[in-house]
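Peer 1: This is what each chain is made of:
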Amino acid sequence: MKETDLSSFPKTLNAGAGKVKLLLWYFANALVLNSYFLPISIVKCWLLRLFGARIGNSVVIKPRVNIKFPWKLSIGDNTWIGEGVWIDNLDQVTIGKNCCLSQGSIIITGNHNYKKTTFDLITKPIVLEDGVWLGAGSMVCPGVIAQNHALLTMGSVATHGMLAYTVYKGNPAVEYKKRIIE
Amino acid sequence: MKETDLSSFPKTLNAGAGKVKLLLWYFANALVLNSYFLPISIVKCWLLRLFGARIGNSVVIKPRVNIKFPWKLSIGDNTWIGEGVWIDNLDQVTIGKNCCLSQGSIIITGNHNYKKTTFDLITKPIVLEDGVWLGAGSMVCPGVIAQNHALLTMGSVATHGMLAYTVYKGNPAVEYKKRIIE
Amino acid sequence: MKETDLSSFPKTLNAGAGKVKLLLWYFANALVLNSYFLPISIVKCWLLRLFGARIGNSVVIKPRVNIKFPWKLSIGDNTWIGEGVWIDNLDQVTIGKNCCLSQGSIIITGNHNYKKTTFDLITKPIVLEDGVWLGAGSMVCPGVIAQNHALLTMGSVATHGMLAYTVYKGNPAVEYKKRIIE
Numbered sequence: 000m001k002e003t004d005l006s007s008f009p010k011t012l013n014a015g016a017g018k019v020k021l022l023l024w025y026f027a028n029a030l031v032l033n034s035y036f037l038p039i040s041i042v043k044c045w046l047l048r049l050f051g052a053r054i055g056n057s058v059v060i061k062p063r064v065n066i067k068f069p070w071k072l073s074i075g076d077n078t079w080i081g082e083g084v085w086i087d088n089l090d091q092v093t094i095g096k097n098c099c100l101s102q103g104s105i106i107i108t109g110n111h112n113y114k115k116t117t118f119d120l121i122t123k124p125i126v127l128e129d130g131v132w133l134g135a136g137s138m139v140c141p142g143v144i145a146q147n148h149a150l151l152t153m154g155s156v157a158t159h160g161m162l163a164y165t166v167y168k169g170n171p172a173v174e175y176k177k178r179i180i181e
Numbered sequence: 000m001k002e003t004d005l006s007s008f009p010k011t012l013n014a015g016a017g018k019v020k021l022l023l024w025y026f027a028n029a030l031v032l033n034s035y036f037l038p039i040s041i042v043k044c045w046l047l048r049l050f051g052a053r054i055g056n057s058v059v060i061k062p063r064v065n066i067k068f069p070w071k072l073s074i075g076d077n078t079w080i081g082e083g084v085w086i087d088n089l090d091q092v093t094i095g096k097n098c099c100l101s102q103g104s105i106i107i108t109g110n111h112n113y114k115k116t117t118f119d120l121i122t123k124p125i126v127l128e129d130g131v132w133l134g135a136g137s138m139v140c141p142g143v144i145a146q147n148h149a150l151l152t153m154g155s156v157a158t159h160g161m162l163a164y165t166v167y168k169g170n171p172a173v174e175y176k177k178r179i180i181e
Numbered sequence: 000m001k002e003t004d005l006s007s008f009p010k011t012l013n014a015g016a017g018k019v020k021l022l023l024w025y026f027a028n029a030l031v032l033n034s035y036f037l038p039i040s041i042v043k044c045w046l047l048r049l050f051g052a053r054i055g056n057s058v059v060i061k062p063r064v065n066i067k068f069p070w071k072l073s074i075g076d077n078t079w080i081g082e083g084v085w086i087d088n089l090d091q092v093t094i095g096k097n098c099c100l101s102q103g104s105i106i107i108t109g110n111h112n113y114k115k116t117t118f119d120l121i122t123k124p125i126v127l128e129d130g131v132w133l134g135a136g137s138m139v140c141p142g143v144i145a146q147n148h149a150l151l152t153m154g155s156v157a158t159h160g161m162l163a164y165t166v167y168k169g170n171p172a173v174e175y176k177k178r179i180i181e
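Chains as they are written, first to last, in numbering that gives the first Met the number 0: chain U, 0 to 181; chain C, 0 to 181; chain B, 0 to 181.
If we strip away everything but chain U, and leave its shape as in the complex, we get:
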């Protein structure tokens, strides 16, 4: 069998920003977002916008949030980003209005081609449409589109797309029941 050789890994990632901006964001994220010590959403939203994120009105951002590239992030009005949420957006992450990303949930956009010795990076965008709820400690895999008001329960892992108004549960997450809003 052939073997992976990570020394041959091709650096194909388009970070979408120059080195200075990357470095500034790295420390801004560390000091302001992924921290306890500036617990004011409005400041964090302002900072994210300054670095190119599209952030709607009344977005709530709790402490210890980790965001890779603000310029690849869009968040709609009234959405909540819970404590300890990790948005690893090497690729575009688009979050709709009135979404709730509960505490400790993780969004991952990066994958690797494990069938190649060079282990090439593959990134895929993630979309959470309006009203989606990611339960505490849940995870969303690269390329997932969670349709309108889809719901991923606590600790579940979404490996595939999620249908609108549907509750997903388990690891890997499977359809559990419909979400009916009265």
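For the record, the hints were derived by calculation from the structure and aren't laboratory data.
On a predicted model such as this, the values are computed, not experimentally measured, just so you know.
There may be inaccurate statements among the hints.
What the hints assert, rightly or not - To be clear about the criterion: a stretch of chain C counts as covered by chain B if any three or more of its residues have a C-beta under 8 Å from a C-beta of chain B, and this derived list gives those stretches:
#1 0 to 7
#2 34 to 48
#3 126 to 134
#4 143 to 154
#5 168 to 175
What the hints assert, rightly or not - Estimated spans, in silico, between C-beta atoms of each pair:
#6 U:R53 x C:V173: 17 to 27 Å
#7 C:I180 x B:G160: 22 to 32 Å
#8 C:N56 x B:S57: 25 to 35 Å
#9 U:L22 x C:E181: 39 to 49 Å
#10 B:L21 x C:S34: 44 to 54 Å
#11 C:V173 x B:K115: 50 to 60 Å
#12 U:L120 x B:H159: 23 to 33 Å
No residue lacks a Cβ here, since even glycine has one placed at the ideal position from N, Cα and C.
Once you have looked at the hints, place chains C and B on chain U.
Peer 2: Below, chains C and B alone, put in the same frame as chain U:
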């Protein structure tokens, strides 16, 4: 279908403390508990008691523990709270004697009524009776009562009550075998 | 039924280092490894070697990595340790060449004898052979040997050994398909 509107979310949470106490605990938790830099259980137990927690004798609290409201927390004698444990106790969390919450385990008491456009908060207390063991990286959902010496294996997610002297495994966790103590 | 009594827990762990070294590493890990503020792999590799780790060439160590005992760690050439990886190596952890431990993955070597009232510690070494990939947020349980180029998908929990060139998925992880490298 109707849509959630988080701008209409009713702030019904009874935090159980005034604003000054909440703010003081917020920073005490950040600086002393969820930190590496004061790795002495006795100080952390004293601090938790100062803020209203009921903490038994010989309780061990490892670094980087995150506790929401000490005044809604009770821990029995000899219990261990492992590194990186997150007790998100919007509601009462009652932990018995001789329990072990292993590293990275998470206890969540808050849920939302996802059938309402207002996404109302629902909190439910959690009880871990004497001798319960939560494995590393496991999660306990709101309302769970883990009876005497129940055991949740590493990385498992307890969505329902756990019977006494029984081992639960998987996500969602299911009964795996009996725990017989010789 | 008998009950656990953690006050009778026998401290059998051989940490493999004296108190001064343990304390120095504790703070070095906190300040340099499990931090954002020294994001230079070469410094971290040097520090790990200084404390007794065997680290190959061109090893990449991302921010916020948590390592228990460097003197019980061996990492081969070109291996990547992702952001937020937690190697809780109470026992020896041996990682081969060209491995990728993705962000947030967790390696746990410690277990307890839950059939004894004294809850004795049981540690087991973990081996990740060359080319193994642990997906983001995945977990590896004590005693697991992941053979050559085994792959654990995102969020999965490996409770048993993993065969060479095989993809494992789910919690608990089960064989999913073969990993064929072209």
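Peer 1: Each hint needs a verdict: does it hold in this structure or not?
Peer 2: Hints and how they fare:
1. Judged by the Cβ-Cβ criterion of 8 Å, the stretch 0 to 7 of chain C is not covered by chain B as claimed, because only 0 of its residues qualify and three are needed.
2. Only when three residues or more bring their CB closer than 8 Å to a CB of chain B does the claim for the stretch 34 to 48 of chain C stand; here the count is 3, and the claim holds.
3. Requiring three or more residues with a Cβ within less than 8 Å of a Cβ of chain B, the coverage given for the stretch 126 to 134 of chain C holds, as 3 such residues are present.
4. Beta-carbon proximity to chain B at under 8 Å applies to 6 residues in the stretch 143 to 154 of chain C; the threshold of 3 is reached and the given coverage holds.
5. Here the stretch 168 to 175 of chain C counts 3 residues with a CB under 8 Å from a CB of chain B, which clears the bar of 3, and the coverage holds.
6. For the pair U:R53 and C:V173, the supplied restraint of 17 to 27 Å is violated, since their beta-carbon distance comes to about 42 Å.
7. Between C:I180 and B:G160 the CB atoms are about 28 Å apart, so this pair conforms to the stated range of 22 to 32 Å.
8. Between C:N56 and B:S57 the beta carbon distance is about 50 Å. The supplied range of 25 to 35 Å is therefore violated.
9. The hint said 39 to 49 Å for the Cβ distance between U:L22 and C:E181, and at roughly 58 Å that hint is violated.
10. Against the hinted window of 44 to 54 Å, the Cβ-Cβ separation of B:L21 and C:S34 comes to about 18 Å, which falls outside the hint.
11. Checked against the given bound of 50 to 60 Å, the beta carbons of C:V173 and B:K115, roughly 25 Å apart, lie outside it.
12. The supplied range of 23 to 33 Å is met by U:L120 and B:H159, whose beta-carbon atoms lie about 30 Å from each other.
In summary, the numbered hints that this structure violates are 1, 6, 8, 9, 10, 11.
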